[in-house]
Amino acid sequence: MALYSEKVMDHFRNPRNVGVIEDADGIGEVGNAKCGDIMKMYLKIEDDIIQDVKFETFGCGSAIASSSMATELIKGKPVSEAMQLTNKAVAEALDGLPAYKMHCSVLAEEAIRSALEDYYRRNGLSLCKETT
Amino acid sequence: MRSMIYADNAATTKMSETAVNTMISVIRENYGNASSLYSIGQQAKEILEEARRSVAETIGAEPSEILFTSGGSEADNQAILSAAELGRKNGKKHIVSTAFEHHAVLHTLEKLRREGFEITLLDVHENGIVRPEEAEKAIREDTCLVTVMYANNEIGTIQPVREIGEICRKRGVLFHTDAVQAVGHIPVNVKEDRIDLLSASAHKFHGPKGVGFLYARKGVRLTNLIEGGAQENGKRAGTENVPGIAAMAAALKEAAARMEQNRASLSEKRDRLIRGLKQIPHSALNGDAEHRLPGNVNFCFEGIEGESLLLLLDDKGIEASSGSACTSGSLDPSHVLLAIGRVHDVAHGSLRLSIGEETTNEEIDYIIRSVSEVTEYLRSFSPIWRDLESGKKPHIL
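Chains A and B, in that order, give the protein sequences.
Okay, so the first sequence: first residue is 41 according to the numbering used here, each after it adds one.
Okay, so the second sequence: first residue is 153 according to the numbering used here, each after it adds one.
Careful, some of the hints might be misleading.
Below 20 Å or equal to it, Euclidean Cα-Cα: the simulated SDA-like pairs (lysine to any residue) are [stated by the list, open to error]:
hint, chain 1, residue 1, chain 2, residue 2
1, B, K544, A, I61
2, B, K421, B, T512
3, B, K544, A, N54
4, A, K74, B, K544
5, A, K74, B, V495
6, B, K468, A, A42
7, B, K544, A, P55
8, B, K544, A, V60
9, A, K74, B, H547
10, A, K74, B, A436
11, A, K84, B, P535
12, A, K74, B, H487
13, B, K468, A, N54
14, A, K74, B, D539
15, B, K468, A, M49
16, B, K468, A, S45
17, A, K74, B, S435
18, B, K545, A, N72
19, B, K468, A, V70
20, B, K468, A, P55
21, B, K244, B, Q195
Facing chain A, according to a computed beta carbon distance under 8 Å, are these residues of chain B, among others [as the list claims (entries may be wrong)]:
hint, residue
22, L377
23, G380
24, P485
25, I536
26, R538
In case anyone wonders, no lab produced these hints; they're calculated from the structure.
Just so it is clear, CB atoms sit at the ideal spot from N, CA and C, and this is done for glycine as well.
Build out the structure end to end from the sequences listed, making use of the hints.
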């Protein structure tokens, strides 16, 4: 059996939403170079809807695929829904990840959340109210 | 579709035709148990002893000094545990080694440390080479073993084995070398190099997997790892893997005959590859450029991670390896790259290309182009690379 599912390889080979949003409404960066994974997410939000999302990732195949899948899962969705994104959803959408690569999906979840938190902060919104 | 370019010969090699034919022939014709008295048993025994003579001759040893094993790891384990056992009997419980040994050595040393041994790991410096004078300084009254690899498996640096061997002989300390990457590739002579114990593995020199040997100088008493029979002088029980051993001997004989020619042409191709990869901005060769195995190239590229590099090279038909954490299943990158002083961020972006005799100059140029393209692509969406290029963080390489 191959290391990664076809879906992981597809998102790794042809990552969706790669790049930068210059006038982003929220930016989140998680991970560190020491551990070998860094993800940076850029969000464009209008009327509480994620109009655009882009990512930059330094990391292994599953880190790049997880970033790509996470952006697809939240694009066009309301902010409140994006806030609920879990690493499990990312991994499942990729048809699974090897056990020792699950942290890549966790990182994707954290990157999205971090960007959303930045958006909340910038707009003086309360985080708890939206997520409950 | 482009045919595959195999550039991971340090991981394993393709068996030579001679080795394959020898193995098949022995499997078919000489299936007897080498311990049996009847004719086909004795024929198998003859094949076994001929292989022992042949292997011994290649490294300048006596046939009685060669013990067949399941490979390099077993040989490393047995060599180190034997020396430790001898040390324990003499009240000597200190071992000198290096920080960038293969895990077959390091994990065995760790086991001994837990049993009360003291381990000194020598610095391998930026160039990935141990300094003999530092080895000499590290030897104490209670040192029972010095174990230093002949050539490093990741960065290919060749160690001053003869100098260390002479120091050990002079000081009366046993000297073991893990020569898994060296045997069959560069000249190794146990007498001239003053080696007491040496480990080798067949599949690194176009022999089969699952077979190797341990050289133990006459008079060095070995400890058994496997009990249960009189095979290998009672030092390694279990019916001998005669087809594998015969194929190993055939492969080694062939490798030795072609060594000089191969070394020269391979070193040229290696240097062509190094020159090409150096053109990639913010890259660096790992390990000394000169004292280096003829087929080994190992680079770090800033701003990218090794596993994604490997996967994209695989898409282009290039099979290589990396010391990145993601390829090992651990969080830390290669202990070898850390030992030569590469910081974590940079060590994650490493690539090892170990080329072979069959690699052509056209393939070398294709590898250079491919690595260059893939590196540029991965950097194009790497947040680390963005920070480096914008001056937010300083370049290390």
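Each hint, compared with the structure:
A C-alpha spacing of about 18 Å is found between B:K544 and A:I61, which places the hinted pair at or below 20 Å, so the restraint holds. Restraint check for B:K421 and B:T512: satisfied, since their Cα atoms lie roughly 8 Å apart, inside the 20 Å limit. Distance check on the hinted pair: B:K544 and A:N54 sit about 28 Å apart at the alpha-carbon level, beyond 20 Å; violated. At roughly 17 Å between alpha-carbon atoms, A:K74 and B:K544 fall within 20 Å of each other, so this suggested pair holds.
Our distance criterion of 20 Å between C-alpha atoms is met by A:K74 and B:V495, whose separation comes to about 8 Å. For a cut-off of 20 Å, the pair hint linking B:K468 to A:A42 stands: about 17 Å separates their Cα positions. A threshold of 20 Å between alpha carbons decides the hint, and for B:K544 with A:P55 the separation of about 26 Å lies outside it, so the pair is violated. For the given pair, B:K544 sits about 17 Å from A:V60 by alpha-carbon distance, which is consistent with the 20 Å threshold.
Between A:K74 and B:H547 the CA atoms are separated by roughly 15 Å; this keeps the pair inside 20 Å, and the hint holds. A threshold of 20 Å between alpha carbons decides the hint, and for A:K74 with B:A436 the separation of about 18 Å falls inside it, so the pair holds. Restraint check: the Cα-Cα separation between A:K84 and B:P535 comes to about 18 Å, which is no more than 20 Å; the hinted pair holds. Between A:K74 and B:H487 the alpha-carbon distance is near 14 Å, which keeps this suggested pair within the 20 Å criterion.
Proposed proximity of B:K468 and A:N54 is supported: the alpha carbons are some 15 Å apart, at most 20 Å. For a cut-off of 20 Å, the pair hint linking A:K74 to B:D539 stands: about 15 Å separates their Cα positions. Distance hint between B:K468 and A:M49 is fulfilled; the C-alpha atoms sit about 14 Å from each other, no more than 20 Å. Between B:K468 and A:S45 the alpha-carbon distance is near 19 Å, which keeps this suggested pair within the 20 Å criterion.
Annotation: proposed proximity of A:K74 to B:S435 holds, straight-line Cα distance about 18 Å (limit 20 Å). Between B:K545 and A:N72 the CA atoms are separated by roughly 14 Å; this keeps the pair inside 20 Å, and the hint holds. Between B:K468 and A:V70 the CA atoms are separated by roughly 31 Å; this puts the pair beyond 20 Å, and the hint is violated. Pair hint B:K468 plus A:P55 holds up; C-alpha atoms about 17 Å apart against a cutoff of 20 Å.
For a cut-off of 20 Å, the pair hint linking B:K244 to B:Q195 is broken: about 44 Å separates their Cα positions. Taken as an interface hint, B:L377 does not check out: its beta carbon lies about 30 Å from the nearest beta carbon of chain A, beyond 8 Å. With 8 Å as the threshold, the beta carbon of B:G380 stays out of range of chain A, its nearest partner Cβ sitting at about 36 Å, so the hint is violated. For B:P485, the shortest C-beta to C-beta distance to chain A is roughly 7 Å, which falls under 8 Å, so the interface hint holds.
For B:I536, the interface hint holds, since its Cβ comes within 8 Å of a Cβ in chain A; the closest pair sits about 5 Å apart. For B:R538, the interface hint holds, the least distance from its beta-carbon to any beta-carbon of chain A being 7 Å, beneath 8 Å.
Comparing the model with each numbered hint stated earlier shows that hints 3, 7, 19, 21, 22 and 23 do not hold.
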